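Undergrad: Given only the sequences and the hints, what does the whole structure look like? Please build it.
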Amino acid sequence: MTRTELFQKILAPTIAKRRQSIRSQSRNLARCCECAHLSVFRPIAAGYQRSKNKVLADSELGRNEWSQRSAVRYHGAVFNKDKVMLRSIGQLYGKKLGASDGGIGHVKDFYFNDQQWAVRYVVADTGSWLLGRLVLISPHAFGNLYQDGDCLLVNLTRQQIENSPAIESHKPISRQYEEEYYRYYGWPSYWDGGGMWGAGAFPVVPPPHLVPSKQASRGSHAHNGDDSHLRSAQGLSGYHIQTSGGAIGHVTDFIMDDKSWAICHLVVETGHWFSGKEIVISPKHVDRISYKESKVFVNVTKETILEAPEYHEPPLGAAYHDTRNFD
Numbered sequence: 002m003t004r005t006e007l008f009q010k011i012l013a014p015t016i017a018k019r020r021q022s023i024r025s026q027s028r029n030l031a032r033c034c035e036c037a038h039l040s041v042f043r044p045i046a047a048g049y050q051r052s053k054n055k056v057l058a059d060s061e062l063g064r065n066e067w068s069q070r071s072a073v074r075y076h077g078a079v080f081n082k083d084k085v086m087l088r089s090i091g092q093l094y095g096k097k098l099g100a101s102d103g104g105i106g107h108v109k110d111f112y113f114n115d116q117q118w119a120v121r122y123v124v125a126d127t128g129s130w131l132l133g134r135l136v137l138i139s140p141h142a143f144g145n146l147y148q149d150g151d152c153l154l155v156n157l158t159r160q161q162i163e164n165s166p167a168i169e170s171h172k173p174i175s176r177q178y179e180e181e182y183y184r185y186y187g188w189p190s191y192w193d194g195g196g197m198w199g200a201g202a203f204p205v206v207p208p209p210h211l212v213p214s215k216q217a218s219r220g221s222h223a224h225n226g227d228d229s230h231l232r233s234a235q236g237l238s239g240y241h242i243q244t245s246g247g248a249i250g251h252v253t254d255f256i257m258d259d260k261s262w263a264i265c266h267l268v269v270e271t272g273h274w275f276s277g278k279e280i281v282i283s284p285k286h287v288d289r290i291s292y293k294e295s296k297v298f299v300n301v302t303k304e305t306i307l308e309a310p311e312y313h314e315p316p317l318g319a320a321y322h323d324t325r326n327f328d
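Going by our numbering, the first residue of the sequence shown is number 2, and it counts up by one from there.
Simulated from the structure, these hints should not be mistaken for laboratory data.
You may find that some hints are simply not true.
List time: in silico BS3-like cross-link candidates among lysine-lysine, alpha-carbon distance up to 30 Å [to be verified]: (1) LYS172 - LYS260; (2) LYS109 - LYS97; (3) LYS303 - LYS293; (4) LYS260 - LYS296; (5) LYS303 - LYS97; (6) LYS109 - LYS278; (7) LYS285 - LYS96; (8) LYS278 - LYS172; (9) LYS285 - LYS296; (10) LYS96 - LYS278; (11) LYS285 - LYS303; (12) LYS172 - LYS296.
Model, not experiment: these values are computed from the prediction.
TA: See the structure below:
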């Protein structure tokens, strides 16, 4: 019996069965990942996929199939960038920020509107570049949150940011300041129009060709007519959750839609650190926020919150997909 005949009679059926087994196990594990939202299965499924790729690459036909599948995965990754994803705001603190011509510092805080529950500004600490000066960067400069490694990219130049209107970190952001800020960059104001971003539903990224002059930032900086609805995400962390049946837990994080920059969930730690769990509450369940008492009043019962599914923080750099709630 020749080697070819031996291969066709004994080895070929074995390889075919192995391929079929790997395909079946990989599909089953993938279903577990999607249905149960358990990230622990993903590395195992990926391992089976790598084993499958190795088997397919043992022959010329297998190598071609592996190459085609790799191309599909690459294009799929590019496509997924345009999909809406939910991100933990807490995991973005400290992230580096990069302009079109160099680094500009890191993320220090987020200012959001507690009526529409939308992030209006990223607070950037410029570090040694501008001697620790804090600057505001609107979502208009980001569009969708695009991350290049450990750096969030901004569609502005360093000169634009350096010449932008200065803020006084110890004072609230006034509407007068916002008007000056939006005029400087030439962006449409979010407070004009019926949508979350004024006339539109999402922030718009303009081309970075225009470099505003320093004169534009020398207007009046009187902070009159403070917008009482702009709040610090850092400042709200630690606020207690107040139900009709009493206090239960405190705010630890926020989950944000990276396309519209809307806050979709408040992450709440219930009970004590050794006996509690983290759950998510939709802003629609928030009746009011008492900044004097450091409390968030919600219109759900204490028992309902305790029975809510537990929130699992995604790995660094990953998006949060588990949108289960107690609605």
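Undergrad: For the pair supplied as a hint, LYS303 and LYS293, is the alpha-carbon distance within the 30 Å limit?
TA: Answer holds: LYS303 to LYS293 is near 22 Å, not above 30 Å.
Undergrad: Taken at face value, is the distance from the CA of LYS96 to the CA of LYS285 at most 30 Å?
TA: holds, 29 Å
Undergrad: Starting from LYS260, check that the Cα of LYS296 is at most 30 Å away, please.
TA: Answer holds: LYS260 to LYS296 is near 29 Å, not above 30 Å.
Undergrad: Hinted pair, alpha-carbon criterion (30 Å max): LYS285, LYS303. Please report holds or violated.
TA: holds, 16 Å
Undergrad: Next pair to validate is LYS278 with LYS172; report whether the Cα-Cα distance is within 30 Å.
TA: violated, 35 Å
Undergrad: Does LYS303 pair with LYS97 here, judged by a C-alpha cut-off of 30 Å?
TA: violated, 39 Å
Undergrad: Are LYS172 and LYS296 close enough, with their CA atoms no more than 30 Å apart?
TA: Given pair LYS172, LYS296 holds - Cα atoms ~21 Å apart, limit 30 Å.
Undergrad: For the pair we were handed, LYS172 and LYS260, check the Cα-Cα distance against 30 Å.
TA: holds, 29 Å
Undergrad: Run the distance test for LYS109 versus LYS278: straight-line Cα separation, threshold 30 Å.
TA: holds, 26 Å
Undergrad: Compare the distance between the alpha carbons of LYS109 and LYS97 with 30 Å, and conclude whether the hinted pair is satisfied.
TA: Judged against 30 Å, a Cα distance of about 10 Å means the pair holds.
Undergrad: So if I understand the rule, the pair passes when the alpha-carbon distance is 30 Å or less; does LYS285 with LYS296 pass?
TA: Within the cut-off at roughly 16 Å; holds.
Undergrad: Given the hint that LYS96 pairs with LYS278, test it: the Cα-Cα distance must not exceed 30 Å.
TA: Roughly 26 Å separates the two Cα atoms, so the pair holds.
In summary, the numbered hints that this structure violates are 5, 8.
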